[in-house]
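> Residues per chain are reported as follows:
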Amino acid sequence: YISNLQFLSMKIKPEKQYVGFATLPNQVHRKSVKKGFDFTLMVAGESGMGKSTLVNSLFLTDLYKDRKLLNAEERINQTVEIIKHTVDIEEKGVKLKLTIVDTPGFGDAVNNNECWKPITDYIDQQFEQYFRDESGLNRKNIQDNRVHCCLYFIPPFGHGLRPVDVEFMKALHEKVNIIPLIAKADCLTPNEIKKLKDRIREEIDKFGIKVYQFPECDSDEDEEFKQLDKELKECTPFAVIGSNTVVEARGQRVRGRLYPWGIVEVENQSHCDFVKLRNMLIRSHMHDLKDVTCDVHYENYRAQCIQEMTSKLAQDNRMESPIPILPLSTPDVDTEKLIKMKDEEVCKDVI
Amino acid sequence: MAATDVDIFMNEEKRNLSLGGHVGFDSLPDQLVSKSVTQGFCFNILCVGETGIGKSTLMNTLFNTMFENEEASHYQNGVYLRPRTYDLLESNVHLKLTIVDTVGFGDQINKDESYRPIVDYIDTQFENYLQEELKIKRSLFNYHDTRIHICLYFIAPTGHSLKSLDLVTMKKLDSKVNIIPIIAKADTISKSELHKFKIKIMSELVSNGVQIYQFPTDDETVSEINASMNAHLPFAVVGSVEEVKVGNKTVRARQYPWGVVQVENESHCDFVKLREMLIRVNMEDLREQTHARHYELYRRCKLEEMGFKDTDPDSQPFSLQETYEAKRKEFLGDLQRKEEEMRQMFVNKVKETEAELKEKERELHDKFEQLKRMHQDEKRKVEEKRRDLEEEMNAFNRKKVAAETLSLSQPLKKEKDKKKLVKTENQSGVSASSSKVMMAKANVEPLNCQSWWEAIQCCTCLVHNATWKKPGGLF
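Protein chains in written order, with full-length UniProt numbering: chain U, 1 to 351; chain Z, 1 to 475.
By construction, these hints were calculated from the structure, which means they are not laboratory data. A hint or two may mislead.
What the hints assert, rightly or not - For lysine to aspartate or glutamate, the following DMTMM-like pairs were computed, each having C-alpha atoms within a straight-line distance of at most 25 Å: (1) LYS196/Z with ASP62/U; (2) LYS171/Z with GLU192/U; (3) LYS194/U with GLU243/Z; (4) LYS198/Z with GLU90/U; (5) LYS196/Z with GLU73/U; (6) LYS195/U with GLU70/Z; (7) LYS68/U with GLU193/Z; (8) LYS31/U with GLU90/U; (9) LYS196/Z with GLU74/U; (10) LYS195/U with GLU243/Z; (11) LYS171/Z with GLU73/U; (12) LYS197/U with GLU70/Z; (13) LYS245/Z with GLU192/U; (14) LYS191/Z with ASP62/U; (15) LYS117/U with ASP112/Z; (16) LYS172/Z with GLU74/U; (17) LYS200/Z with GLU81/U; (18) LYS196/Z with GLU248/U.
Work the whole structure out from these sequences, hints included.
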């Protein structure tokens, strides 16, 4: 932003009247650095797909220090849990509050009927919480715990999507941005990767799953950017490899996996799509993911919620509790009046 | 010479004798071998593992040939087993190889029943063999033995531990078949991870009481190698049918951007160990174990179920034949009883139906009678009415005729009479007056009108004739 800004100010001739709003981007930048950012990332997939390793590789930290893994016997009837890890990380003065939502137990039991239900419930709960906060009186410190992105790990051992993959994505695609990934991609040769990617893309289309789409780039971007963007889009779903260890390869110390037959480098673009994923997720599209969550998924949830409420209101003629779904802790008279007013406004809009 | 020292009165104990020269029965194994070679061998492998885990590729790699195989889909509703039989020949040894694939294993969302088709298949093969054994006229030497000799269980290379489905399935299978667990697609696990993974898997199997096949260590010629192999379980394998040039050789391998994984390189994976153990060393032992242990267990359970015992309550060995006879009699008795029952039931049903039909018949008959009576009643009534009508008509006609004849003869006399009649009958009703009118008129002229009613209405006649006025004060 700063470099762009300098370029702009040079374009404007000093003789012409200089208003100065060209500094807005700079102001935005400054304020946002001061405020800090937050991002909630969910990872889902069967156990043993390398989710934790990938998260560690993405954010170059160790989030899962003392993790206890269950035995096969304990997992026969396991239910899905939701575990949040929150860390504050900082880079060049920019603070990021990163929350990773883990879903241990997904797909691990023998009977996995509706194993995605705790996950959808969790996402809905966050929406509901935000909805309540947004409708409240004091909105100064709203905490945004909504899930901005869900990385779904598809096993590379099969021939494409399995029924549990399809069901999971269909249950979540209208609640959260889903980015499907091919996990442990070091078990596939380049041909096999291409075949699997094509197959998965086909099946995603066939089953009508709405995964996260990269926004179209502006027509005035340069060709190189457009080319990169195109390559990015053709590369989905990304085939990723993660690593917790640093190895010596080609005279450098890199994150990688050491095999008797060679060394897999996580950040080598010819080995896997890790770099593309990282760039997309963190360096270019993080804010777009947040925007889509706010503007599309949350708005859908909110509209649905309100519709249900108004239809419920039409049914009960009593007006004692204007928002029956959300149990407000201490609804005082003023709040109630305000709520009633807002409700009427909304009713007018909806009807 | 020693041979002539044999005691004719042999007692139960066997004595070891030493031979004076070469007798030649050391060729017995060779005879056995040549017999079995002519007969051909039979081997059945069951591959259990999720779709896409590499079962078909491993089979192709093991036997160095391309068995036809289409890729399975992930969307099967349940697990089903697909056996395929092939005839292989290697330096004059015939092998009838059957490979049984589990299609759809691990794909369903609810995998509670996934193990069942596998167990059923194994039991069915045992059952078929048992049936053949129990036949009166049997040909076991010709029988195509389809009993599963080995189950290769493919474990996904997650690096953590067994999956819950693996544990549940292996527990169900361990008493029915020899299981060798293998880690599939092992080129995704690094050496250190592999070591930990193997230990974890074995400890999980042991702590859950799953019995996997142990390579036999009782035979000195192979005990050493078998023992060392036992320590390498589960084997981490990589399969490939593609050939890659490495150095100046062309080997079966998988080519990655970071290196080439050679299938037959022992430092890359345990494929060679698996092939050695499975095919080159222990194939015959596997067949024996299947027959002597798993099949016998099945047979015993099955026969006990059917009610056979080895010893009867008096601890006397039961003869199979007697038990058989007894069972047969019982069975026939059962059969007869059932037949009787059915016959009774049939007879009862027939009686019931007949009774019903009779009932219905009677009802219909009654109805018919009733209708007939009604009909007759109606008819009678109609007849009566008709007769009444006829009478009326006759009466009327008579009156008419009488009236006519009367008017034609004795018109004056009639008039006088009638006048008197009129006087005396002055008070009588209108009908009397009308008839008087009629008669009055008849004095003067014959009636023009056809009937008396018309006459009354016919003004001309009445007007012409003024005589009616005369009788004095009729009107």
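> Now, for every hint given, state plainly whether the structure supports it.
Status of each hint after checking the structure:
no.	hint	result
1	LYS196/Z with ASP62/U	holds, 21 Å
2	LYS171/Z with GLU192/U	violated, 34 Å
3	LYS194/U with GLU243/Z	holds, 20 Å
4	LYS198/Z with GLU90/U	violated, 40 Å
5	LYS196/Z with GLU73/U	holds, 18 Å
6	LYS195/U with GLU70/Z	holds, 16 Å
7	LYS68/U with GLU193/Z	holds, 17 Å
8	LYS31/U with GLU90/U	holds, 16 Å
9	LYS196/Z with GLU74/U	holds, 19 Å
10	LYS195/U with GLU243/Z	holds, 20 Å
11	LYS171/Z with GLU73/U	holds, 11 Å
12	LYS197/U with GLU70/Z	holds, 20 Å
13	LYS245/Z with GLU192/U	holds, 19 Å
14	LYS191/Z with ASP62/U	holds, 22 Å
15	LYS117/U with ASP112/Z	holds, 19 Å
16	LYS172/Z with GLU74/U	holds, 17 Å
17	LYS200/Z with GLU81/U	holds, 24 Å
18	LYS196/Z with GLU248/U	holds, 23 Å
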